[in-house]
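Residue numbers (my numbering), protein chains in the order written: chain Z, 92 to 230; chain P, 92 to 230; chain F, 92 to 230.
Where hints are given, some of them may not hold.
Because identical chains cannot be distinguished in the list, a pair is counted as satisfied if it fits within a single copy or across any two copies.
As the list claims (entries may be wrong) - Derived BS3-like pairs: lysine-lysine, alpha-carbon spacing no greater than 30 Å straight-line:
#, residue 1, residue 2
1, Lys121, Lys101
2, Lys97, Lys109
3, Lys97, Lys121
4, Lys121, Lys109
Simulated from the structure, these hints should not be mistaken for lab results.
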Amino acid sequence: MPSDDKTLSKQSLHTSAKEQFIDITPQVEKAVREMGLTNGLVVVYAPHTTAAIAINENHDPTVAHDILVTLDHAAPLDRGFQHLEGNSIAHAKSALVGCSQTVIVQDGQLVMGTWQGIFFCEFDGPRHRTFYVKGLTTA
Amino acid sequence: MPSDDKTLSKQSLHTSAKEQFIDITPQVEKAVREMGLTNGLVVVYAPHTTAAIAINENHDPTVAHDILVTLDHAAPLDRGFQHLEGNSIAHAKSALVGCSQTVIVQDGQLVMGTWQGIFFCEFDGPRHRTFYVKGLTTA
Amino acid sequence: MPSDDKTLSKQSLHTSAKEQFIDITPQVEKAVREMGLTNGLVVVYAPHTTAAIAINENHDPTVAHDILVTLDHAAPLDRGFQHLEGNSIAHAKSALVGCSQTVIVQDGQLVMGTWQGIFFCEFDGPRHRTFYVKGLTTA
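Looking at chain Z on its own, in the form it has when it is part of the complex (with noise of 0.2 Å):
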């Protein structure tokens, strides 16, 4: 990417197990600081097929543990599957969470709910993932 572009933000992690949730709002503030974004909106997306980007609460760390058990309800183990690499569940999932996320910035800082945190979610790990931050100016 050109050095010149400081809208754009290309960020890496390494995830630990097969399934995780990563808070990742520190990186995403960090970000839009280095930005210089005042007002506008961040765009913070995975570019992975078995990952995703989700937001929710990242205080009480079961939240997390507990969305991931209702998601291995809601896409069980093989139902039939094709494809042949074994993890069609994780592009499944990332598929239903979404690879992306959008929020809104104002006087600098992201308007979030008080409980509300910028997960990456890791769903056929461990591996070396990347997420981008890309900021809109407004006003």
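Use these hints to put chains P and F onto chain Z, whose structure you have.
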């Protein structure tokens, strides 16, 4: 929020049931008019971890009912949850549906399908809730 | 739509099955080129209540098949539905996957992962369908 930022509108509503889809299309349209937004995007964002924003049919109220019935199947009651507040299902539904939606605006109008409306989705009510409407201008 | 708004493109397609994932990445790339969009975002939006837009693997077509199989589990047939048109499942799948996706654009290219493609997801076909591509410029 500073009164001089016309691109961000904070709205509030009361939900009256444990689970409920409330059509907020009129509030979003009003916010777009008040911003003077002609061409661009609006992001509708719920700052909550047990609620969501969805776009689907708002003409026949049975559609929202049936989506809630389906979500009850996808995210059923206690399956070995750890979160002690008893509302893990509401968190999971919030993560599955997502806390924001993005809608295109042209000539001051939301560019949506004939049958589409924007819903505030309550999964752990009744509560006092808020949502944001953020406008971005393009051309 | 006014012919002088180059930031909004309306596309159409025909679906040929009840449920189908159609790779629309080439159409989105073409729309970005025609807009002359260099750095920014594109929003891909389906104005339908029984269809969706998803991002996932487009190299191995069995992945889309397996995602559809998983959605059939998450949203199974009639569970006490009220909507009389018989397509409640399609509405629920549309709400779960979502009617839009946002993709970053840099140097005129979509910033996506190697295996990612953009899909139009049909859940109640075959039908004539449309989708919008909306571009926003940043730097």
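Against the structure, the hints come out as follows:
1. Lys121 / Lys101: both (12 Å within a copy, 25 Å between copies)
2. Lys97 / Lys109: Classified as neither: same-chain Cα gap 33 Å, cross-chain 44 Å, threshold 30 Å.
3. Lys97 / Lys121: both (13 Å within a copy, 26 Å between copies)
4. Lys121 / Lys109: within (27 Å within a copy, 37 Å between copies)
In the structure shown, a violation is registered for the earlier hint numbered 2 alone.
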